[in-house]
Amino acid sequence: MVVSCEEVWREISNYLDGEVDPALRAAMEEHFSGCKQCAAVLDGMRNVIQLYGDERMVELPLGFSHRLHRRLEENTAPARRTFLGWVVAAAATVLVAGSFELARSSVSGHPELRSEHARPGNGVPPEMIVVVAADGKTFHVPGCPFIHDKARLQRITAREAMREGYVPCVRCMKKYLST
Amino acid sequence: MPEELSVLGGRAAQFNEEVLIRRIRDGEHDLFYELIRPYERRVFAAALAILRNEADAEDAAQEAMLKAFKHIRQFRAESRFSTWLIQITVNEARMRRRKEHADIMEPIVDRQDEEGNYTPRDFADWREIPLETLERKEVRQKLAEALASLGEKYREVFVLRDMQHLSIEETAKALAISTASVKTRLLRARLMLRDLLAPGLGGNWSSKLSFAKGAKPW
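From first to last, the protein sequence lines are chains A and B. Be aware that the first sequence starts at 1, since it is given in my numbering, and climbs by one per residue. Be aware that the second sequence starts at 1, since it is given in my numbering, and climbs by one per residue.
Possibly wrong hints are sitting among the right ones.
[What the hints assert, rightly or not] Far from chain B, some chain A residues (derived; all Cβ distances over 10 angstroms): (1) Asp21; (2) Arg155; (3) Gly165.
[Said to hold, decoys possible] Here are the computed distance ranges between Cβ atoms for each label pair: (4) B/Glu34 with A/Ser33: 42 to 52 angstroms; (5) B/Thr179 with A/Gln50: 21 to 31 angstroms; (6) A/Arg46 with B/Ala148: 37 to 47 angstroms; (7) A/Ser33 with B/Thr179: 21 to 31 angstroms.
[As the list claims (entries may be wrong)] Sample of chain B residues at the chain A side, in silico, Cβ under 7 angstroms: (8) Tyr33; (9) Ala45; (10) Glu58; (11) Phe69; (12) Ile72; (13) Phe81; (14) Pro120; (15) Trp126; (16) Leu134; (17) Ala198.
Hints are computed from structural coordinates only; laboratory data are not their basis. Yeah, the Cβ is synthetic: ideal placement off N, Cα and C, and Gly gets one too.
Starting from the given sequences, assemble the full structure and let the hints guide the process.
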């Protein structure tokens, strides 16, 4: 197959994208080897693609990321619970609490302690506000440095914590624990 | 990076993206910035290609990313998130362009028959250019000027395909045109850019580029 310069120009972009069939590709390569002008066009086009393809070609304006982040924060903020969400959550809490009450009244006695190293926190004032993590084992004074999962803490009374099987932290609750 | 590794990295990134999208849909809205951060530059570039003005492009880019957030539930996993995001950006930028520039005439080149043959104008040798020249601001400036001088339909295709590295199919989808049109416009855009840049970049750097004189050869 022999191709003219015009045909080469028409397909030169597809050639660089690997979008021409093998026969045409071979014919074009043959042409480039003998035609200086078309070879120059090919080199130039390759340079164009290479230069513009470099990511340095796009410079973000100064402060772009910062302004974007701020605008997103302003507009995507209500990640906090919606009113309906709170209603559902409150209802769920009532249900859970209710089931604990039910469990307590039917089984009688205390649920199993969450830690085998536990010491029952009988000396802890029952109305004291403590913090627990949902999947943790211990309850703490708010701000205790030995809290592991600080991200998902819940504030409840010591009585509730103990009812749910949490045990007092041996550091921050030390003074309440009988030795 | 060896190709195999970069492929693995790509897959890991994609997996990470799926996880992020799921968590955002489940209410962790503050993760959205993390999701789009790798694409900031590309979104801005797409908007700039259409609007040709940094301030407008930044505003359109922000708006497009907010729209992506609002419609994140409509994103379907069969397309890439980046492609979807670029598509939203293109739509946003085009809409603004229509609104703000309705009265401005398109460059003549846009009304030309794109099927017509384009003859390369300059056969100057363009020696290999080390990519390091891109470190020079004046070089980037010349490239940006050349790109800005193209008609919109050529610029859009060129930016998505050659600067953002979308495939021909993805470019067609993002612009809502056929793959045949993508190929034709891409050919034209690449040839025009070569013609604009070869005399200056191929020869003497200090010489003025022909397009800088204001005369468009087509």
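Hint check for A/Gln50 and B/Thr179 - Cβ pair distance inside 21 to 31 angstroms
The hinted range 21 to 31 angstroms holds for B/Thr179 and A/Gln50, with Cβ atoms some 23 angstroms apart.
Chain A contact restraint for B/Ala45 - C-beta distance below 7 angstroms
4 angstroms, holds
Assertion that A/Gly165 lies outside the chain B interface [Cβ separation over 10 angstroms]
Since the minimum Cβ distance to chain B is about 28 angstroms, A/Gly165 lies beyond 10 angstroms and the statement holds.
Minimum beta-carbon distance criterion (7 angstroms), B/Glu58 to chain A:
Result: holds, 6 angstroms to nearest chain A Cβ.
For the restraint on B/Ala198, tell me whether the closest CB of chain A is nearer than 7 angstroms.
It holds, given that the least Cβ distance between B/Ala198 and chain A is near 5 angstroms, below 7 angstroms.
Mind checking the CB of B/Leu134 against every CB in chain A and telling me if the closest is under 7 angstroms?
5 angstroms, holds
Is the hinted range of 21 to 31 angstroms satisfied by the C-beta distance from A/Ser33 to B/Thr179?
30 angstroms, holds
Would the hint on B/Tyr33 be counted as holding, given a Cβ-Cβ threshold of 7 angstroms to chain A?
OK, holds: B/Tyr33 within 7 angstroms of chain A, min 5 angstroms.
Can B/Ile72 be said to touch chain A, with a Cβ gap under 7 angstroms?
For B/Ile72, the interface hint is violated, since the closest Cβ of chain A sits about 10 angstroms away, which is over 7 angstroms.
Does A/Arg155 really sit off the interface, with its C-beta more than 10 angstroms from all C-beta atoms of chain B?
A/Arg155 clear of chain B: closest Cβ-Cβ about 21 angstroms, beyond 10 angstroms.
Quick check on B/Trp126 please, does its C-beta sit within 7 angstroms of some C-beta on chain A?
4 angstroms, holds
Against chain A, with CB atoms and a cut of 7 angstroms, does the hint on B/Phe81 hold up?
Result: violated, 16 angstroms to nearest chain A Cβ.
Checked against the numbered hints given earlier, the structure breaks hints 6, 12 and 13 and satisfies all the rest.
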